[in-house]
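Undergrad: Each chain, written out:
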Amino acid sequence: MPKVIVPPPYRGPTGGRGEIQVEGHTVLECLEAVEKDHAGFLAQIVATDGTVHRFVKLFRNGDQITGDALGEKLAPDDELEVLAAIAGG
Amino acid sequence: MSGPTGDKMIRVDMTNQTAEVVDFPDEWKLLGGRALSAKILLAECDPTCDPLGPDNVLVMAPGVISGTAAPTSGRISIGGKSPLTGGIKEANSGGQPGQHLMKLGYRVVIVKGQPADANARYALEVTADEVKVVAADAHKGKWNYALCMDLHGQYPKTASFITCGPAGELRLAGASVATTDQDNRYPARHAARGGLGAVMGAKGLKYVMVDPGRASVRQPADRKGFGELCKTYTKDYLDGPQMFKTGTSSVVPVANMLHTFPYKNRVEGQSPDAQTLDGARIVESFETRGGEMHNCMTGCIVKCSNIVHDAQGEYKTSALEFETLTLLGANCAVASWEDVADMDRLCDDVGLDTVETGAAIAVLMDAGQMEWGDAEGMKKLIAEIPDGTDRGTAIGNGGVATGKFTGHHRVPHAKGQSIPAWDPRPLKATGVTYCTSPMGADHTAGLIVNPGLPPEQFAWESQKVQLVNAVCDSSGFCQFLQPTLDDIRAFYGALYGEEISREAIHDQGWECLEDEWAFNERAGFGQDDDVLADCMGQDPINGQVFDVPADVIAAAKQRMPAQEDLFTVKASG
Chain A
1 MPKVIVPPPY RGPTGGRGEI QVEGHTVLEC LEAVEKDHAG FLAQIVATDG
51 TVHRFVKLFR NGDQITGDAL GEKLAPDDEL EVLAAIAGG
Chain B
1 MSGPTGDKMI RVDMTNQTAE VVDFPDEWKL LGGRALSAKI LLAECDPTCD
51 PLGPDNVLVM APGVISGTAA PTSGRISIGG KSPLTGGIKE ANSGGQPGQH
101 LMKLGYRVVI VKGQPADANA RYALEVTADE VKVVAADAHK GKWNYALCMD
151 LHGQYPKTAS FITCGPAGEL RLAGASVATT DQDNRYPARH AARGGLGAVM
201 GAKGLKYVMV DPGRASVRQP ADRKGFGELC KTYTKDYLDG PQMFKTGTSS
251 VVPVANMLHT FPYKNRVEGQ SPDAQTLDGA RIVESFETRG GEMHNCMTGC
301 IVKCSNIVHD AQGEYKTSAL EFETLTLLGA NCAVASWEDV ADMDRLCDDV
351 GLDTVETGAA IAVLMDAGQM EWGDAEGMKK LIAEIPDGTD RGTAIGNGGV
401 ATGKFTGHHR VPHAKGQSIP AWDPRPLKAT GVTYCTSPMG ADHTAGLIVN
451 PGLPPEQFAW ESQKVQLVNA VCDSSGFCQF LQPTLDDIRA FYGALYGEEI
501 SREAIHDQGW ECLEDEWAFN ERAGFGQDDD VLADCMGQDP INGQVFDVPA
551 DVIAAAKQRM PAQEDLFTVK ASG
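So the sequences go chain by chain: A and B. Its first residue numbered 1, the first sequence is counted upward by one per residue in the numbering used here. Its first residue numbered 1, the second sequence is counted upward by one per residue in the numbering used here.
Just so you know, these hints were derived from the structure itself, not from any lab. Among these hints, one or two may not hold up.
To be verified - Computed Cβ-Cβ distance ranges for the label pairs, DEER-style: (1) B:E287 / A:G71: 27 to 33 Å; (2) B:G407 / A:E19: 48 to 54 Å; (3) A:T48 / B:Q154: 52 to 58 Å; (4) B:S2 / A:D37: 26 to 32 Å; (5) B:D239 / A:A75: 53 to 59 Å; (6) B:E564 / A:G71: 35 to 41 Å; (7) B:D387 / A:D63: 53 to 59 Å; (8) A:D63 / B:D13: 39 to 45 Å; (9) B:R223 / A:A75: 44 to 50 Å; (10) A:Q21 / B:P454: 17 to 23 Å; (11) A:T48 / B:Q538: 32 to 38 Å.
Even glycine gets a Cβ: it sits at the ideal position worked out from N, Cα and C.
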C-alpha cells in the first residue's frame, strides 16, 4: 500500500500522525483515502476547484510531481510526500 | 589549519565619543551573533539598568560564518536590554553590514555609555584603516530612507549602514535598527523586535557606516572542505523545492487555513481578506509594475525578499513579509496588500517594528479609538509618530503601552512583547516558546507549526527548536535557509579545521539560552512571568484557547537529553 507522508502543519486532522498507509492507485485516491479516516485533511491539499493548492508541493519517492499531479499513478510501495510552505517572515 | 585569525572587536564609549579596537578572544571564536551578544550582555551589562540609560550595552554581532563564501550566511544580531520587555533581547537582520564587518575581521561592536547632551547625534565609521566616532548632528531626526540617500552621497559606494530612525531617536520601545540591503541603498532590513532602535537612539548613535573597501571573503582553515560544503549545500538547496522562492508573504493562505492569520486584534484566527492580502498578489504585480524577488545580502541563495513597486512602477518597499501582512493587515482588518505595503514603507522609514506597530494599532481599534480597516488613518498615525503626539507615542511604544493609553485590557503579548502572527492557541507548542523564550513572544525564537502535536511533546519540541534557532542565529545563517545543527557544525568544523561534535553544538545552543535566562532572572523575571496574556487563555479561536499547564511550560526550560532529531531538524522561524 502506498504511504502518505503528512507534513507537521497538516497533522491537525490526522491527530499528529505523520505517516499513513492507504489503499489507492493514484495520488488523488490516496489523498481521499486519508480523508476518509481524517476529515479535513484533503481540503488542505486540494482546492474547491479540484486543483492542488499552489502553496502545496507533492513528491513521489522524493521526486516532485508536476502537471496533473492528482492523476499520477502510484505503485503499492510508493511514498507520497506532501510539503507545505511555512515561513515566519 | 587555524582558520581566520587576528580578529578584532570594536568598543565604543558614547559618553566620551571614543572607539577602540581590541583583540577578539580566541576562546570566543565559535561564538557569534546571538550567543556572543548574550555572553557579552551577561558579563558587561547590569540587568537591572535603565534600558535607555548609559548602563545599557548595545551589541552588534555578525554570525560566526558571516563574511565567508557560505551561502545565505551574512546575518547580524543586534542585542541589548530591551526597553519593551525589560529583559535581554536579540534581534536578527539580513542586509550587508554583517558581511562587511566580518570581511574586515570585526567580530562585534560593543557600544556603551551615553552622551551628556541628549540632543547630540554621532556616527561610528568603520573602515579597514580606522574606526572612529564622528559628529552627526546634521542627520538628527532624519527618516531612514532620506538618511541613507544622504549617506550614499557622503561615503563610498561600497559602504553599508546600520541606522536609527526617528522612532529610535525618540526612544520608543517599538523602534527597530535598520540595515541597508545588498545594493547598500535601502534601509529595508530591520532588527525589528524588542525596541533596540530605542537603545541605539538613547546612545545618540544615529548610524554606523561600514566600508569594507576591497576586503575579501574570510578564508577557512580547510579551504577544500569548506568549498565542497558550500557547493554541495547550495546545489541541494537549489535542487530542492525552494519553498521560500516567492517570499514569506505567500504563506498567507496556509496560515489562514490553520487559523493563525489573526483578525481584529486576534478575536478570530481567519481573515475574510486572505485572498487580497495573499503574497501571490504581490508576485502577480511584478509583471505590470516591475519588482522582483531578490537577495537582501550578497551570497544569498534563498532570495525570499520581494521588491514591491507602486502602481507607477516605482520602488515602494522590500521585503513585504507575512508577519507584516498579518499584523498591519488582517489583525487591523485592512484588506489591501497595497495599503500594507505603504505602511511597511512608513515603518521602515520611521524605524519601527511592523509586528509591534500593527499589534498596537489593533489594540487602539479594539478600544474603539479608530475604525477597523481604516488604512488611511493608520498611515497618518504612523507618520505622526516622529512628531511625538500622545497617540503616536503610545503606538510607537507598542501594544502594552497602547493598552495603558486606551485603558483597554485585551493586549495579546508575552513579557510585554506583542504576539506575532503565529497564534499560540492552534499552535500550542509555539505558545510554549513564547512563554519560555528569553525573548518574549517571538516566533523566530522557535516556531512549531504542528497543530496535531500531542501535548506530551510540547516541551521537547519547543526546547529543540529554541536550541536550533539559537545556534542558527549565532551562526550568521538565515533561518530561511533552514540549516540543521549538523549542517552548522560541519561549516564551523571546516572554517576552523577542527571537529565540532554534536555534544559541543548542543552545549553551545543551551549555553546561549542559559545566559539569556540568567540575564532575565537577574533583571527580576521569575517563573510567574513565563505566561501569555490572559486573553490567550480566555478567548478561543476555532474552539481553542492556550491552556498548556505550567509544569509543561516549565519543562521546556529544563535541559533534556538530546534526541537524534535535534541535529537533523531544520531551523524554523
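Undergrad: Now tell me, hint by hint, if it's right for this structure.
TA: Do the hints match the structure? See the list:
At about 30 Å, the CB distance of E287 (chain B) to G71 (chain A) agrees with the hint of 27 to 33 Å. Separation of G407 (chain B) from E19 (chain A) is about 51 Å and conforms to the stated range, judged on CB atoms against 48 to 54 Å. Judged by the Cβ atoms, the range 52 to 58 Å given for T48 (chain A) and Q154 (chain B) holds: they are separated by roughly 56 Å. Range check, S2 (chain B) to D37 (chain A): Cβ separation about 58 Å, and the 26 to 32 Å hint is violated.
With their beta carbons about 24 Å apart, D239 (chain B) and A75 (chain A) fall outside the hinted range of 53 to 59 Å. The beta-carbon spacing between E564 (chain B) and G71 (chain A), approximately 37 Å, falls within the hinted interval of 35 to 41 Å. The supplied range of 53 to 59 Å is met by D387 (chain B) and D63 (chain A), whose beta-carbon atoms lie about 58 Å from each other. For the pair D63 (chain A) and D13 (chain B), the supplied restraint of 39 to 45 Å is violated, since their beta-carbon distance comes to about 59 Å.
Evaluation of the 44 to 50 Å hint for R223 (chain B) and A75 (chain A) yields a pass: the beta carbon distance comes to about 45 Å. Between Q21 (chain A) and P454 (chain B), the C-beta spacing of about 20 Å keeps the proposed range 17 to 23 Å intact. Distance hint check: the CB atoms of T48 (chain A) and Q538 (chain B) are about 34 Å apart, consistent with the given range 32 to 38 Å.
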